[in-house]
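Colleague: Make a model of the complete structure from these sequences and hints.
Residue numbers (our numbering), protein chains in the order written: chain A, 1056 to 1329; chain B, 513 to 1096.
The hints are simulated quantities; they were obtained by calculation from the structure and are not laboratory data.
Covered by chain A, according to a simulated footprint, are these stretches of chain B (three or more residues, beta-carbon under 8 Å):
# : segment
1 : 604-611
2 : 707-719
3 : 750-760
4 : 1011-1020
5 : 1037-1047
Only some residues are given here: those of chain A computed to face chain B with a beta carbon under 7 Å:
#  : residue
6  : G1139
7  : T1151
8  : L1250
9  : T1296
10 : A1300
Label-pair restraints from in silico Cβ distances:
#  : chain 1 : residue 1 : chain 2 : residue 2 : range
11 : B       : R1021     : A       : G1058     : 16 to 24 Å
12 : B       : S1089     : A       : L1114     : 29 to 37 Å
13 : A       : L1186     : B       : D948      : 52 to 60 Å
14 : B       : R726      : A       : L1220     : 32 to 40 Å
15 : B       : P937      : A       : A1165     : 39 to 47 Å
16 : B       : I687      : A       : P1271     : 35 to 43 Å
17 : A       : L1118     : B       : H1043     : 18 to 26 Å
18 : A       : A1165     : B       : G641      : 35 to 43 Å
19 : A       : L1114     : B       : G1094     : 37 to 45 Å
In this text, a Cβ means the ideal position worked out from N, Cα and C, and glycines have one as well.
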Amino acid sequence: MIGPFSDPVMQRALVEATLVGVCGGALGCWVIFYGLSYASESLAHGLFPGLVAAALLGLPLVLGAGVGLVAAALAVAVASRVPGVGRNVAVAVVVTSLFGLGVLLALSPASPPGIQALLFGDVLGANDADLALSGALALGIVGALWLLHGRLLAVGFDRDFARSLGVSAAAADAAVLTLLAGAILVGVQGMGNLLVVAVLIGPAATARQLSSRMAPMMLLSVAVAALAGAAGLCLSYYAGTAAGASIAAALVAAYLAAAFGRRSRLPITVEEVP
Amino acid sequence: MLDPFQLPFVQRGLLELLILSIPAGLLGTWIVLRGLAFFSHAVGTAAFPGLVLADGLGFAAPLGAFGAAVAFSAGTAVVARRRPGDQDSLTAMVLVGCLAIGVILASDVFRSGSNVETLLFGSLLLIDGRDIALAAAAAAASLGAAVLFGRRWLAAGFDPTAAKSVGAGAPYLQIALLGLIALATTAALSVIGALLVAALFVVPSATARLWTSRMLSWQISSVVLVAVEGTAGLWLSVKTNAPPGATIATLSGAVFALAAAARAMPRPGRRTCLSAAVAAVAFLVAGCSSVASNDSGKLQVVATTTQIGDFVREVGGNAVAVDQILQPNTDPHEYEPRPSDIEGAAGAKLVFANGDDLDAWIDQVVSESGSEARIVDLGAAVPVKLPGESSGAEASRYDAHWWHDPRNAEAAVEEIRRALIEAEPSNAAEFRRNADAYLGKLRALDRGIAKCMDSVPATQRKLVTDHDAFGYFAKRYGITVVGAVIPSQTTQAQPSAKDVSDLVNLIEREGVTAVFPESSVSPKLAETIAHETGASSDHTLYGDTLGSKDSSGATYLQMEAANADAMVQGFSGGKRSCSIHGIG
Chain A
1056 MIGPFSDPVM
1066 QRALVEATLV
1076 GVCGGALGCW
1086 VIFYGLSYAS
1096 ESLAHGLFPG
1106 LVAAALLGLP
1116 LVLGAGVGLV
1126 AAALAVAVAS
1136 RVPGVGRNVA
1146 VAVVVTSLFG
1156 LGVLLALSPA
1166 SPPGIQALLF
1176 GDVLGANDAD
1186 LALSGALALG
1196 IVGALWLLHG
1206 RLLAVGFDRD
1216 FARSLGVSAA
1226 AADAAVLTLL
1236 AGAILVGVQG
1246 MGNLLVVAVL
1256 IGPAATARQL
1266 SSRMAPMMLL
1276 SVAVAALAGA
1286 AGLCLSYYAG
1296 TAAGASIAAA
1306 LVAAYLAAAF
1316 GRRSRLPITV
1326 EEVP
Chain B
513 MLDPFQLPFV
523 QRGLLELLIL
533 SIPAGLLGTW
543 IVLRGLAFFS
553 HAVGTAAFPG
563 LVLADGLGFA
573 APLGAFGAAV
583 AFSAGTAVVA
593 RRRPGDQDSL
603 TAMVLVGCLA
613 IGVILASDVF
623 RSGSNVETLL
633 FGSLLLIDGR
643 DIALAAAAAA
653 ASLGAAVLFG
663 RRWLAAGFDP
673 TAAKSVGAGA
683 PYLQIALLGL
693 IALATTAALS
703 VIGALLVAAL
713 FVVPSATARL
723 WTSRMLSWQI
733 SSVVLVAVEG
743 TAGLWLSVKT
753 NAPPGATIAT
763 LSGAVFALAA
773 AARAMPRPGR
783 RTCLSAAVAA
793 VAFLVAGCSS
803 VASNDSGKLQ
813 VVATTTQIGD
823 FVREVGGNAV
833 AVDQILQPNT
843 DPHEYEPRPS
853 DIEGAAGAKL
863 VFANGDDLDA
873 WIDQVVSESG
883 SEARIVDLGA
893 AVPVKLPGES
903 SGAEASRYDA
913 HWWHDPRNAE
923 AAVEEIRRAL
933 IEAEPSNAAE
943 FRRNADAYLG
953 KLRALDRGIA
963 KCMDSVPATQ
973 RKLVTDHDAF
983 GYFAKRYGIT
993 VVGAVIPSQT
1003 TQAQPSAKDV
1013 SDLVNLIERE
1023 GVTAVFPESS
1033 VSPKLAETIA
1043 HETGASSDHT
1053 LYGDTLGSKD
1063 SSGATYLQME
1073 AANADAMVQG
1083 FSGGKRSCSI
1093 HGIG
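Modeller: What follows is the structure in C-alpha cells.
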C-alpha cells in the first residue's frame, strides 16, 4: 500500500507541520490571553525591511527576517505604551509603516527578485535546514514558556497585582511578543505569510472552547495543531488541494466543531500564582 | 522642474485620495476608539477570495471584494453572537477561513488569478471613474452616518453597559459601523491595497489622537491629516518614482513616530524636535527633485517585457529611445506599474506588448497616460501558438511564453520593423539593415540550439522545471516536458501534496537526471524535489525575464543560448555542453 506519508517529501512536510504546530499551539494560548491576535496575523509583514536589508548586505535571509521580526515586535510593545494608543492600533501603525518601508527598500536594483518568496516557504518545500531551525525554535519557545509560565499568568490576570509581586508587565509583554516573533519565523517558512495566523490562533481558539485551565489548554492546543497538520496534508494528498491552505481549512473545521459543539465558553481560571 | 500635479493620472489619484480622506478620517476615529483596527485590516485582506472569484468568473473586481467583505462581516457577526468573547480571535478565525478558500480557489479551481496580487497591493495610478464614484459613495455614507449615529457610537465606545441602558447599544448601530468600514475599505482597496489600508484608516487618526481629545476636533484633524499625508505621499512618489501606497504608509508612520516622540518630550525640547523634523522633510524633498532626462529627437517607444525591449533596441538602433517597463529579474506576473511608466507612455508613439495576458496592465497604463500611442500586440503576430492551459473566463487562449521559440522571435522582430518604419519612414533604411542583421543571428541561434540538442539522445531530453514556461522551447527542439513543480502558468499558485508526490514518482520512473529552477522564481521547492529524487538542480533557466546586465542571460540571444547549454548539461549529467556560434 502506498500511503500519503510513504515518500520522504511528505514525511518531512509532516515533521515541519508538527513543529510549526508545537510552536503555534503552545504560544497561541498566550497570544489569545494577551490579546495579540492582530499582532500574530500582521507581524509577518513587518519583517520585510529586515529581510531586504539582509539581502542588500549579503547576510543570511533568515537572520534578517528574525532581526526584522524582533524589531517589529519590540516596536509594537513600545508603541502600545504611548497614551491613547491601544495595542491593536500600535500593531496597525508599526506593521503598516514597516511594510511600506520594506517595499521602498526592495526597489533597490541590488535586491534579489521575488525576495518575499525566497523566505516564505511551502510546507512541501521544507529541507533539512528548515527542519533544524524549526526544531531549535520550537525547543526555545517551549522552554521559555515553561520558565516564564507563572510570571506570564500573573501579568495576564492582573497587571497591578503582578507589579506588587515584583513581576514587570512591560517585560512580560515584550517576552510574549519576542516569542511570537520566533513562532512567526517558523510559521512563515512552513505556511507562507498569509496563512501563518492559522497555526497561531486556530489551535488555541479551539482548545479554549474545551478547557479553561492554561496548562491543559496548551497541551490540547498542541495536539489539535499536530492533528490538523496531518489531516491537512492527507486532504492535500487525496483531494489535490493546496497544502498550506488545506492545513488552515482543517484548523477552521476543528474550531467550528469545538465552538458550535459546546454550549458555553469557559472562562480562563487561575490554577496557580507564584 | 516638472510639477507632478500637472499630470492627469496624478490629478485623478489626488482627487481619489482627497475624497477618501473623508471616510478614512471619520471612520478612523471610530476604529481607534472602538478597537476595530484588526477588523478594518481583516475585512480588506478577506477580500482575497472575492477577488479570485471575480478574476476567474470575469465580473468586476470591486463587486467581488465588497461581496467578500460583506460575507466576512456577516460571518464574524454570526460567530460572535453564538460565541461572545474575544472578538480578535474570532476575527482571526473567520479571516483564516476566507484566506484558505482564496488560496484553494486560486491554486486548484481557476489556476489563474494573475490580477489578484495587484489588487492586494493596489495601484493609485490606475484608477478610473468607477473607483472615484465608489469612494464618493463611501464618503457620503460616512458623513451621513457620523451625523446620525455619532453620539450613540460615542456612548457605546466609552461605556457599553451604560450605552445599552440609554438605547445606544442596539445591534443595528454596531452593524452600521462594521458595514461602513467594509464599504470604505473596499473603496480604498484598488488604491492602496489590503496590506496598507491602515495607512489611511488607522495611522492618521492615531496620530491626531495624540494631540486632541475632543471628538469633533479629533475627527476634523484626522480628515485633514489623511488629506495632507496622502497629497505629500503622492507628490513624493511621483518625484522618486516609488509606489504611492508604500510611500504614503512610510510617511504616515514617520509622522506618527515624530508626533509620539514630541509628545513624550518636555516642552522646551518640542520646538527643537519640530524644527529637526521640518529640516529632515525639506532635505528629503530637495534630494528627491531629480531632473527627468529626455532623448529629444528620437522616436519614443515603450516595450513591456525585457525580451521585447531587447528586440526593439536591436531593430531601432540609435534612432529609437526605448522605455522598457519591466526590469531584468522582475516577475511579469506580479508587476505594479509605476509613475515613470505612465509618463513614458504619455510621450511614446508606439507601445510593444507581449499579449496573451502576460502584460494585461499595459492597456490601462496607456489609456491612463492620455497617450495616442498605438499598442502593437506581438503575441498576435507570431506563427507558432500553443494553447494556454488555464481555465476560467479571464485565462488566455494561448500560452504567453511564445518567445522561447526563435521562429516566433523572428516574426516579432519583423513586426517591430514594420511598425517602426510606419512610424518613422525617414529611418526605414536603418531599421531594415538592423533587423536583417539581427534576423540572421536569430536563425543562427535556432540552428545552433537544434544542433546541440541533437547531441543528446531524444530519450534523455526530459524536462522538469519551476513552471510551465518552456512549452514552446520543448516543442521546437523535441524535448519531453515531464512535469512542472508549480503545475500552472502563473507563479502564484501553491502545489498540493498530491502534485508533488506524483512528480517525485514520475521523476524516478522516467529516470530524469535534472530539475531546472527558473531564475526569477523561488528555487526552494525545485531543490527539495531534486534532492529527494537524486536529480541535479544546479542548472538555472531563464524563463519569464532576461538576467541582469552582467549575467549570462543579459540579452535574448544569450538567454536562449544559456538555457540550451543548461539543458544539455543537465540532460547529459554534465558530460556535454553547448556553445553556439554566429550570435555574438
